[in-house]
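*Asks:* Residue numbers (the numbering used here), protein chains in the order written: chain A, 1 to 116; chain B, 1 to 114.
If you're looking for bench data, these hints aren't it; they were derived computationally from the structure. It should be emphasised that the depicted structure is a prediction, and the values quoted were computed from it without experimental measurement. Be aware that a few hints might be false.
Derived EDC-like pairs: lysine to aspartate or glutamate, alpha-carbon spacing no greater than 20 Å straight-line [what the hints assert, rightly or not]:
id, chain 1, residue 1, chain 2, residue 2
1, A, Lys-38, B, Asp-38
2, A, Lys-3, B, Asp-59
3, B, Lys-3, A, Glu-44
4, A, Lys-3, B, Glu-101
5, A, Lys-3, B, Asp-38
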Amino acid sequence: AQKVTQAQTEISVVEKEDVTLDCVYETRDTTYYLFWYKQPPSGELVFLIRRNSFDEQNEISGRYSWNFQKSTSSFNFTITASQVVDSAVYFCALSELASNTGKLIFGQGTTLQVKP
Amino acid sequence: DVKVTQSSRYLVKRTGEKVFLECVQDMDHENMFWYRQDPGLGLRLIYFSYDVKMKEKGDIPEGYSVSREKKERFSLILESASTNQTSMYLCASSLEGAPHEKLFFGSGTQLSVL
Numbered sequence: 001a002q003k004v005t006q007a008q009t010e011i012s013v014v015e016k017e018d019v020t021l022d023c024v025y026e027t028r029d030t031t032y033y034l035f036w037y038k039q040p041p042s043g044e045l046v047f048l049i050r051r052n053s054f055d056e057q058n059e060i061s062g063r064y065s066w067n068f069q070k071s072t073s074s075f076n077f078t079i080t081a082s083q084v085v086d087s088a089v090y091f092c093a094l095s096e097l098a099s100n101t102g103k104l105i106f107g108q109g110t111t112l113q114v115k116p
Numbered sequence: 001d002v003k004v005t006q007s008s009r010y011l012v013k014r015t016g017e018k019v020f021l022e023c024v025q026d027m028d029h030e031n032m033f034w035y036r037q038d039p040g041l042g043l044r045l046i047y048f049s050y051d052v053k054m055k056e057k058g059d060i061p062e063g064y065s066v067s068r069e070k071k072e073r074f075s076l077i078l079e080s081a082s083t084n085q086t087s088m089y090l091c092a093s094s095l096e097g098a099p100h101e102k103l104f105f106g107s108g109t110q111l112s113v114l
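Starting from the given sequences, assemble the full structure and let the hints guide the process.
*Replies:* This is the structure we're talking about:
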């Protein structure tokens, strides 16, 4: 069965600290996609990144970076020099290929609080 | 930009009422989804639709039904609302067929069943 686990329920940091959000996944597919979404207090989930299973290159986008390691089935997300606006719930998700309908399986979410 | 609009941000209903949650998207997406979000459980898929009049059960369909009469609109129906259906409901849409297509979400409807 496919599964996504975000073991950190809540994380609290002080502004300018670096923070890493963990994501571990399970799948029997050899081809799959991983995603991160951000849910600010407004409620609407916003897409951050997508990574396919054949591309293990780490990615950096401004203060955000992602570390994909197939050997440990992990897709961790790091925010460098965190800011108050980074406070949100962050979800990791895995695509399910069987039905080819774009269904995503989400982790439990990690609530990040960045204090000034 | 894709816009997914959910009709209500907050909704309060009584146990036993029939409840309709409406979702409209404006980018001609084939796929539409209803998730519910509960603390500690993340997002769980209730139903999804990959075409007009087509629907498939997700992981937790019990107590819910859906309707997709037009491509842009996907309705979630609680036939007889119960207190355990108090939750945040999120609608999403995506392009057809590709597993790597990202989902576009609405802002959610916080439903309270009293």
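*Asks:* Each hint should be assessed against the structure and marked as holding or not.
*Replies:* Hint by hint, here is what the structure shows:
no.: 1; hint: Lys-38/A <-> Asp-38/B; verdict: holds (16 Å)
no.: 2; hint: Lys-3/A <-> Asp-59/B; verdict: holds (12 Å)
no.: 3; hint: Lys-3/B <-> Glu-44/A; verdict: holds (11 Å)
no.: 4; hint: Lys-3/A <-> Glu-101/B; verdict: holds (19 Å)
no.: 5; hint: Lys-3/A <-> Asp-38/B; verdict: holds (17 Å)
Every hint from the earlier list agrees with this structure, and none is contradicted.
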